[in-house]
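With these hints in hand, go ahead and build the complete structure from the sequences.
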Amino acid sequence: MTSLRRAVFLDRDGTINEQMGYINHLDRFRLLPGVGKAIARLNRAGLAVVVVSNQSGLARGYFPKDLVEAVNKKMKDLLARDGARLDGIYYCPHHPQAEVPEYRRDCECRKPRPGLIRKASAELGLNQARSFTIGDRLADIKTGQAAGTKNILVLSGYGRGELEYILPHSDVRPDYVAEDLGKAVDWVLAEIETGSPA
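Using my numbering, read the sequence shown as starting at 7 and increasing by one per residue.
Keep in mind that the hints were calculated from the coordinates and are not lab data.
Some clues are possibly wrong.
Mimicking BS3-like on lysine-lysine, the simulated pairs with C-alpha atoms at most 25 Å apart in a straight line are [unchecked claim]:
#1 LYS43 with LYS79
#2 LYS156 with LYS80
#3 LYS80 with LYS189
#4 LYS71 with LYS82
#5 LYS71 with LYS125
#6 LYS125 with LYS148
#7 LYS82 with LYS125
#8 LYS125 with LYS80
#9 LYS80 with LYS43
#10 LYS43 with LYS82
#11 LYS43 with LYS71
#12 LYS189 with LYS82
#13 LYS189 with LYS156
#14 LYS189 with LYS43
#15 LYS125 with LYS156
#16 LYS79 with LYS125
Since the model is a prediction, treat every value here as computed from it, not as a measurement.
The structure is reproduced here in C-alpha cells:
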C-alpha cells in the first residue's frame, strides 16, 4: 500500500481559523496567522491536505448548508493567496439530538469516530497508516488514533485548555504537541525526512 499518497488531515475551527464557536456568518471566518504558508509547505512536499470537520451547527439549526459551503470557499480563497491548496474538505453535519430531522443520526463521520478520514482516504487514494492528523481538540487526536495516523495537538483554538485541563485526565496521548500549525508542519516534515520514504 506504500504507493498510496500520504496525507495531513486538518481540523478546521481552531486549527486553520480562529476558534469562535459556531461560524454562523461569513464575517466570523478568519485564518490564523501563518496557516496559508504552513499548508503551502505541505503542498510542496507532495502531501495531500484534507480538512475534516464536525459542523453540528447544521444539525442544531444554527445556519444552513449554504453557509458551510460559503465558509469553505472563503477558506480556499484565503489560502490560495499564500499559494496553498486543499485536496479535499469533508465535514459531518450530523448530531444524535439534532433539531433538524435530516441530520439527526448517530453516524460514523462525527469525530472522534474516523469516518471522515476513512471516506477521504478511499475517495482520494490516501494511506491512512502513513498519514497525520492535526487538531486543537483531543477529539481530533482520538479520530486520528482510530484511523491509524500520527497525531498532533496544536495549542491554537481550544488546544491550550485541552492540554492543561483535559489531557492529564485522559488516556489519549498525541504523538506531538505544537504551538501552532506552522510548528506542527515542521514536525510532520521532519518525521517524513527521518522516516521511511513516501
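Could you tell me which of the numbered hints above are not met by this structure, giving the numbers in increasing order?
Numbers 2 and 11 - these are the hints that the structure violates, sorted from lowest upward.
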